[in-house]
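Please model the entire structure based on the sequences and the hints provided.
Single-letter residue listing:
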Amino acid sequence: MVRRWALPGFTPDAPRARPLLYLLATGILAALLMSALAALNHRLAPLTYSAAALAWTAEILAGGSSHAVFDLNIDMRCLRREHIARLEATPEVVVLGASHWQEAHAGLLPGRTFYNAHVHRDYYEDLLAVVEMLLRHDRLPKTLIMSVRDMTFLPVARRTDILWLTALPDYRAMATRLGIDRHSWFETWPARRWFGLLSLPAMWGNALRWLTADVLPGPVRARTLPTMDALHPDGSIGWSDAHRAEFTTERARREVRQAVAARRDLAPEIDPAAVTAVDRLLGLLRERGVRVVLIHPPFNPDFYDRIGNSAYGAGLRRVEAVTAHLARAHGAIAVGSFDPAVAGCDSSMFIDAEHSGPVCLQRVLDQVPGL
Amino acid sequence: MLFHSPEFIFGFLPLCFLGFVAVRRLWGWEPALLWLAAASLVFYGQWSAGLAGLLLGSILFNFGAARLLLDAIESRRTARALLLGALAANLGLLGYFKYANFFIDNVNLVAGSSISHLSIVLPVGISFYTFIQIGFLVEVYNRQVSEIKLGHYLLFGSFFPCITAGPIVLQRDMLPQFAAARPPALDSARIAVALTVFGIGLFKKLLLADPMATFANPVFDGAAGGVAVGAGLAWIGALAYTLQLYFDFSGYSDMALGIAFLFGFRLPLNFNSPLKACSITDFWRRWHITMTRFFTNYLYAAIAVPMMRRAMRGAYARPARFLAATAVPVIATFVLAGLWHGAGWTFVVFGLIHGLALAINHAWREAGMRALHPALGWVLTMAVVILGLVFFRAADVPTALSLIASMLGVSAADAMGGIVVDPGLASLAAGPGAAVLWIVVLGAIALTCPNTQELMSKHWFSSDPQPDGGRSWPAWLMWRPTPAWAAIGAIVLAAALGSISSDAAFLYYQF
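Order-wise, the sequence lines are chains A and B.
The opening residue of the first sequence carries number 441 in the numbering used here; numbering runs sequentially from there.
The opening residue of the second sequence carries number 7 in the numbering used here; numbering runs sequentially from there.
Some hints could be false.
Facing chain A, from chain B, some residues (calculated, C-beta under 10 Å) [to be verified]:
1) F16
2) P20
3) A496
These aren't lab readings, by the way, just hints derived from the structure by calculation.
Virtual Cβ for every residue (Gly too), placed ideally from N, Cα, C.
Encoded structure:
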């Protein structure tokens, strides 16, 4: 006899159909649960997954207000795309780089209009992509500061992070413009990014933040907030008071120790195709009359001194040599070094092995002639 | 590629399975096995094409050695020489990749030299696939194999569910299935069971094992960094790691058995609720069962049998005979088993602790003393297990000793220099409630719930026979393909898939 709760086929006299129906029921139920999870994550992390939400944020920034965020794990590339499209005037100076530049604000270049177009964990594709955004909206500045970091030329196959994948449409457009080979779809399939939507811990963490926050993400006047980080109209970020309190000397030392252990034996690899792409990009910028400054973000001296003779240190010097070669080939200005002594930065200016505050960044910028 | 990565679950596994079904339907069984062998090499090659080449080279070498052994099987002297040569080559390969730098460290320590480390990448699973092939050679030598097909051996040596972290299969587990089993390619009942077992393993790994790392890591890392760890934190770290390793490896083993069963192959069990063991002998019958089987068959027997003969010939007194024929072989076997897990003195001590405990256990029985009450036996067994795992996890022997001193309340940690504030440890010290709750809940699951094979006992999926005389569980707890179990399965699967963002590799991959 069929029990009341039994689905069709789940009967003792249908043994062969039962496992098949079990599989179907399990699969459909699991898919429904996962869909609900994805929808929740999309809703709770709009600045990571929603282009519309990022466009709204860009609208606020373009209007001159800052924007409070829970943290900086957002789709910074999409934000740049939307923000650059809304810039009312072409800035005189633009910085392209990674999170090393996140605290570089307009106050470091008084008398100049400045836009900080940094994105987190950048590679050379990001340089191409952000220049494409600037070019598309006729916002190429007079002076473009392009930061070359340790991993700028890293081959795609060696990368473990996925943030850069959201810049692919702009990268592909620029690659086409430059006539260089573009990455295949297979190499850059963004499955891992979308799989983040199915993260239970992320949903749980975001739900708790929305439920317990005293200030919700949105426009704010203050540049610094007690518990929320801030995105500023000039493209820089402002750490919350809570985050700043965490950036202790002890934390920086620990981060340095971990970074030394993790990187010492890993020389940053240089993909020749990446160098070619940047070479072509510099050629295009020269044609457009942009004054390009190639610059290296300095490391924390505690870190740099300890990796000097390692494989990683040797790799850094190879990256510096590539930068110097590119600058010579295109008449660009090459300043700075991964070595913090060149800019005169000390360890108290860093929050970890490689991220410095505005004081060090000011010293780096002071090295650029005529800025 | 990890079993719990999206690339594996949504990419490799479905493609590999559909390809297997298609090849089976289009070209038959033998080509389907070749497909699976090729897919296994692709799976392994995801770590490194070079290391996949090493695996393939190892398989081809051992296949050649086995063929030579078979040809020379009647000439025992030649066969023995061939076997020893092949074993030396296999152990040499393992020794180079796994133990060369450990050897250099010890030479430097003893001789005061400063020889640099060799630039060696430890191939994932080399300890496992080397032992799988050594087992095969020994069984060929022992006339337990009469013929070998290259295709079958290729799959045996590379079968992706078990080459990275076991089970350590023997030829008799697999080759008869390759030769004769030929289950239907698509069998909804088998697929339902296989995916359920896989889902249970995934759940164990991602939702039970990985969260424990957040409690265990700060304690072990802090102690390694010279942080003063109090008794409470030391116990939290040790218990959290015990449960982490148990659910991690048990989850991995479930996933391996589930994946193999998806293709219609049955693997031997590797776990049988070891934390319920009431003696150390019972523990090793339940924990990493295939490793215990390997070491018992091929190492313990090789040491114990000649020593037993010598003891018999020499008419040793009973205690001396026990020492020679049981205690020394068991201790030596477990010291080597410890070293098999990793190149470090901590693993040697781990093996030594278990070897001594087993020797005492055997001596107790040998002396005809009454068995301990199960509760007392369980406490003593767990004491040995936890003590061993502190060494197993610690960065070095002094760290393990300092943690054990802390656990015993005689901590020397306060006297250690270089104490730093560790935020992870500080937050654990400030709020240990969550850690304690997790430990209690996971401990209760490990000790009171049916294990995977008990849950699935109506739908057996292993090459081992179902154990007799185990605890009988209520019928409603036994898995069946019903709507209620479909709902539970969906929740377990969704929760596990939703936790995949963790990149934590299986702990046994490092061995």
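Legend entry - Hints violated by the structure (listed by number, smallest first): 2
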